[in-house]
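Undergrad: Next come the chains, spelled out residue by residue.
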Amino acid sequence: MREFNSFHLLYLLDAAKWTIALSLIAFVGGAVLGMVLALWRLSKWRALRWLAIGYIQLVQGTPLLILLFLAYFGLGILGAKLEPVVAAGLALTLYTGAFLGEIWRGCIQSVPKTQWEASDCLGLARFQQYVWVILPQAARIAIPPTVGFMVQVVKNTSLASIIGFIELARAGQIVNNSTFQPFLVFICVGAIYFALCYPLSVASRYLERRLNVAR
Amino acid sequence: MSYEFDFAFLADRWPDFLAGAWLTIQLTVVAITLGFALGTTCAVLRVYGHPLVARLVGAYVEIIRNTPLLVQIFIVYFGIATLGLKLSAEMSAIIALVINVGAYTTEIMRAGIESIPRTQVEAADCLGLKRLQVILHIVLLPAMERVYPALSSQFVLLMLASSITSQISAEELTAVANLIQSDTYRSFEVYIVVAIVYLALSFLYRFGFWVIGAFLFVRRRRLGTAL
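Same order as they appear, the protein sequences are chains A and B.
Those letters in the first sequence? Residues 3 to 217, per our numbering, in order.
Those letters in the second sequence? Residues 19 to 245, per our numbering, in order.
Worth flagging that the hints you see were computed from the coordinates, not collected in a lab.
Each hint should be verified, as a subset may be incorrect.
As the list claims (entries may be wrong) - Have a look at the derived ranges for each label pair, beta carbon to beta carbon: (1) B:Glu132 - A:Gln139: 22 to 32 Å; (2) B:Ile81 - A:Ser180: 52 to 62 Å; (3) B:Asp143 - A:Leu126: 52 to 62 Å; (4) A:Phe182 - B:Pro33: 54 to 64 Å; (5) A:Arg212 - B:Pro33: 52 to 62 Å; (6) A:Ser45 - B:Gly67: 43 to 53 Å.
For glycine and all other residues, C-beta sits at the position ideal for the given N, C-alpha and C.
Whenever a hint applies, use it, and build me the whole structure from the sequences.
TA: What follows is the structure in structure tokens.
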């Protein structure tokens, strides 16, 4: 058995790289999916609306852990065994997409109705309305909650440890197995997560005040 | 690709699923009740307490909200054990969940308390009510009424997050699923069934909170106004 030392700490910091990488994968994938879902949710076609609502309800009503297991064990049986990073990236993308879709729908809907009407009067097509009138305004409203949600994404990547992906939480377990100093190890792990998440929380609050969209 | 779905294992395993779901319900109902008490107390301290206490509560909220629940569970379960206090997995799970949901509840209830007009409190002061009486009789219920939707969805999220406690072998729904999965190798089916059970549970919780809300906030219905 070894004492917890600087070597272990470096190992944890190195693993934090993977936490960041996985967060970025989830966030980029989730952003694409979320945008599609938000637009579907507001579509003129009822089928698309229901599809998006159904998907969002389904994902928001099941634990992320179960999504991870479905992606890792479930899809693993269907085809070739997925790498943990692929399964984790997929599950986190599906999860992030559902929540971002719902957040962004709210932001798009909070653009005053008169803006839609005005752009109708200008004779813009629906696509043009979105690109030139609605989305730029919605983006301003959407930035603070989106940055805030990033905190959830970073924290939730810790669940990827459970399917064996070596990121920060898993690295913490590994270090703990060799040092048997769980308090110290997991408080270090927690501190690194905090160092990643807290700036995002502060930024979210700052942006909310700065962009003055609180009311 | 020739995978055939086979849900036959359900026939003799459903009592296990039910037992797991029941433990999930027990864990989360206890955690939500205690977490709500903790969060409300902290929110009151955050708003009305001594600046130092308010600071401490703020730190608690920030620390918990910016670290993963999984790590919090590990700290409670493995950490407390090294201090020489051996807790069962279920007990550790409840402690971790209470600490976690308490922080979120603090923040939500604080928003509610701060949204109560100052004049309400001043009027109560004029009637000669003590600070505690003002908080209990004037502030808390309307505050809760305002943030009730946020509060109840936070509690549903807690129920879903409780699946993480399977990692310290609390025998709740997810842990049961993992067990059956390793017995039957029917992982896809097992997790699909569990996902459906969680979905049903979250609808059950939402319905439950709706009923509680309807009883608790009769005034809103009677007046037809939000205060």
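Undergrad: Each hint: holds or not?
TA: Status of the hints after comparison with the structure:
1. Take glutamate 132 of chain B and glutamine 139 of chain A: their Cβ atoms lie about 28 Å apart, and the range 22 to 32 Å holds.
2. In this structure the hint that isoleucine 81 of chain B and serine 180 of chain A lie 52 to 62 Å apart at CB is violated, the actual value being about 26 Å.
3. The given range of 52 to 62 Å is respected by aspartate 143 of chain B and leucine 126 of chain A, whose C-beta atoms sit roughly 56 Å from each other.
4. Our hint of 54 to 64 Å for phenylalanine 182 of chain A and proline 33 of chain B is violated, since their Cβ atoms are close to 38 Å apart.
5. Between arginine 212 of chain A and proline 33 of chain B the beta carbons are some 56 Å apart, a value that agrees with the proposed interval 52 to 62 Å.
6. The hint said 43 to 53 Å for the Cβ distance between serine 45 of chain A and glycine 67 of chain B, and at roughly 49 Å that hint holds.
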